[in-house]
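Colleague: Sequence:
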Amino acid sequence: MLDRDCAPSDFVNYPSPIAYEIPYQSPKPPQNPALKGLALHYLSSLLASLPFLQSFFWHNAGFNTLRKTKELEHVEARYDPTVIPIPKPSDEPIASYTSDLSIRVLPKAAKARFYTCADFHEAYKTGTVAPIDVVEALLPLVRRDVEKRTVHSTAFVHSKVELVKKAAEASTQRYKEGKPLGMLDGVPFAVKDEMDVRGYQRFVGTTHDYNEGKEVETSWCVRKLEEEGCVMLGKLTMHELGLDTTNNNPKWGTPLNPYNSSYYTGGSSGGAGYVIAQGLVPFAIGSDGGGSIRIPSNYCGIYGLKPSHSRVSTAPLLQFANTTVVQGPLAANMTDLEISYRILAQPDPSHPLSRQFDPPKLLSTPRKKILGICKPWFDRADPEVKAVCQAAIDYFVSKLSYQVIDISLPLIHEGQLAHAMTILSECVTAQPSVTNLTAANKILLKVAAQTPARDFLLAQRLRNLLMQHLAHLFTTYPGLIIVTPTTPNAGWAIKPGDLSYGLMDGNMQVRNMEYVWLANFTGIPCISFPIGYVDAKQGDGRVPIGLSGNGEWGCEDALIEFGYDGEAWLNEGFEGGRARPRDWVDVLGRELRSGGRGEEVFG
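Sequence positions in the sequence shown follow this note's numbering and run 1159 to 1761.
Source of the hints: derived by calculation from the structure; they are not laboratory data.
Just so it is clear, CB atoms sit at the ideal spot from N, CA and C, and this is done for glycine as well.
Some clues are possibly wrong.
Restraint ranges, calculated between C-beta atoms of paired labels, are given here [stated by the list, open to error]:
id, residue 1, residue 2, range
1, Tyr-1368, Ser-1207, 22 to 32 Å
2, Tyr-1722, Ser-1207, 46 to 56 Å
3, Pro-1187, Ala-1588, 24 to 34 Å
4, Ser-1260, Leu-1208, 57 to 67 Å
5, Lys-1283, Lys-1557, 30 to 40 Å
6, Pro-1636, Ala-1268, 31 to 41 Å
7, Ser-1419, Lys-1533, 34 to 44 Å
8, Lys-1544, Gln-1189, 22 to 32 Å
9, Lys-1372, Gln-1696, 37 to 47 Å
10, Ser-1260, Ile-1563, 29 to 39 Å
11, Lys-1519, Pro-1590, 22 to 32 Å
12, Pro-1187, Val-1304, 45 to 55 Å
Each computed DSS-like pair below joins lysine-lysine, with the alpha-carbon atoms no more than 30 Å apart [said to hold, decoys possible]:
id, residue 1, residue 2
13, Lys-1527, Lys-1544
14, Lys-1533, Lys-1186
15, Lys-1226, Lys-1186
16, Lys-1695, Lys-1544
Construct the complete structure from the given sequences, taking the supplied hints into account.
Modeller: Here it is in structure tokens:
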């Protein structure tokens, strides 16, 4: 451990910057069993009644590791990773987040271009297509309450037709009167089933309605978008309780990866990843407690932002009980990721932490372009993933004047275990009963319930240690962005028997979350954006690869600029440029036009 630096005075709850010089050690390969089908089904029933078996699985997963970590002996525990930038008196509020002047879009001639909110807005203003036309075309594709469902309906829990049409008709009328609310008026979006929306049930990936049939208040995030005139198309499927990263859900169905149907979409915001990649909506709201926005963004070749902890209000849910989960946007392009984030991140007066943040600002000062790489950690990625990531980084250095520095991160693999213990303990507290859950989650929660207070407290000590070390890095290198692949693996292939009873593959889950957990555990923001594609090991279609940038608490604006640089690389530097899925839905195209009015919006 090195001497303490001075904590910056322009933050509240900023960690004491302390550098921990702890040599990197490669982890032992995990020994968790992979289970599926009837074996998984019967083991879940057996394990539910045998505490000694639950304890065996807990120790086998390595959750007792922190007891041997001497570096934690004199570190205080930290339970909440929220760090709040202090508003500057000179900061001027932004009059509108959805004005034409503040929107940056790719040229219409860009290869494999996805539609942006600006494209919808232009089509609506010119009368080429109306918001009601778009939803009339989309509803038959996404409804699961019809006799003949399409492949897309698997990504949706429900679409309330009357509510959708009512919102679209109101938007259509505003355009007819020449009074749209802004760039987002009439733009369709969808939300993960974890969020409350008036008129909808909330299943959270289970078959139980957690609203108990009662009318609920619409969540802050959804409400802010609807105030801009956005049309909510429906609620999206997710991994049950968000407790894995495949989006395998035998109860609601598992949407398949749009780029290769032999692969998962990633989860737990997998429904959101699917509908955006397929072109059904330009953006959606997801949640992220262990990569659940960034992993589906990675697998589905789209953009995702995990904001700083408490930056985006989770009201009316998860206000106090969870120290890892945040809500944030997934989008087809940086334009919509930026604009949706700025809408979602407006301070919520009802949320005790969100209300302390300043409204989001556009980056107004030159930024330092410094990328930090913890080389032994970065090098754990599969060779094809590492090669694509390195090509993007070389572009940033040679073309965009970035500097790359070597950094160290202490106890990084112990930290992943500490994060897992924390999020699972919090989930067990919120979900004490395993009745009617999938077999995989019955096992997971029963094992998680074995975590003693001693080990949970050690995990919070390690949280503080990591936050202190990150604070040292960020104060030593202002503007630093810590770069990793989003996942070390190129997608997650679906194997025979995976989809019937669900899947429990702890080793692959740990591998899949190798890099994403750090931002959740320490509260820092993290962006993921696509940087290329590699050949798949099975099925038809290449697999997208994503790069992640972890920034200082409250630096979402800098990460957004980094994302635009990543978008430039994919469209200009990567050989072949961006690709769309083979069955991408042309929402504004001729074939979906109600009544066939006019020509296609874009060729």
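Colleague: If a hint holds in the structure, say so; if it doesn't, say that too.
Modeller: Taking the hints in turn, this is what the structure says about them:
1. Tyr-1368 with Ser-1207: 22 to 32 Å: Once the Cβ atoms are compared, 26 Å apart, the range 22 to 32 Å for Ser-1207 and Tyr-1368 holds.
2. Tyr-1722 with Ser-1207: 46 to 56 Å: About 54 Å separates the Cβ atoms of Tyr-1722 and Ser-1207, which means 46 to 56 Å holds.
3. Pro-1187 with Ala-1588: 24 to 34 Å: This hint holds: roughly 31 Å between Cβ atoms.
4. Ser-1260 with Leu-1208: 57 to 67 Å: holds, 59 Å
5. Lys-1283 with Lys-1557: 30 to 40 Å: Because 35 Å falls inside the window, the suggested range holds.
6. Pro-1636 with Ala-1268: 31 to 41 Å: Check passed, 33 Å falls within 31 to 41 Å.
7. Ser-1419 with Lys-1533: 34 to 44 Å: Holds: the Cβ-Cβ distance is about 36 Å, inside 34 to 44 Å.
8. Lys-1544 with Gln-1189: 22 to 32 Å: holds, 25 Å
9. Lys-1372 with Gln-1696: 37 to 47 Å: At 45 Å between Cβs, range holds.
10. Ser-1260 with Ile-1563: 29 to 39 Å: About 32 Å separates the Cβ atoms of Ser-1260 and Ile-1563, which means 29 to 39 Å holds.
11. Lys-1519 with Pro-1590: 22 to 32 Å: 42 Å Cβ-Cβ, so the 22 to 32 Å window is violated.
12. Pro-1187 with Val-1304: 45 to 55 Å: Check passed, 47 Å falls within 45 to 55 Å.
13. Lys-1527 with Lys-1544: Roughly 21 Å between the alpha carbons, so the hint for Lys-1527 and Lys-1544 holds.
14. Lys-1533 with Lys-1186: Judged against 30 Å, a Cα distance of about 18 Å means the pair holds.
15. Lys-1226 with Lys-1186: holds, 15 Å
16. Lys-1695 with Lys-1544: Judged against 30 Å, a Cα distance of about 17 Å means the pair holds.
Hint 11 alone, counting from the list given before, is not met by this structure.
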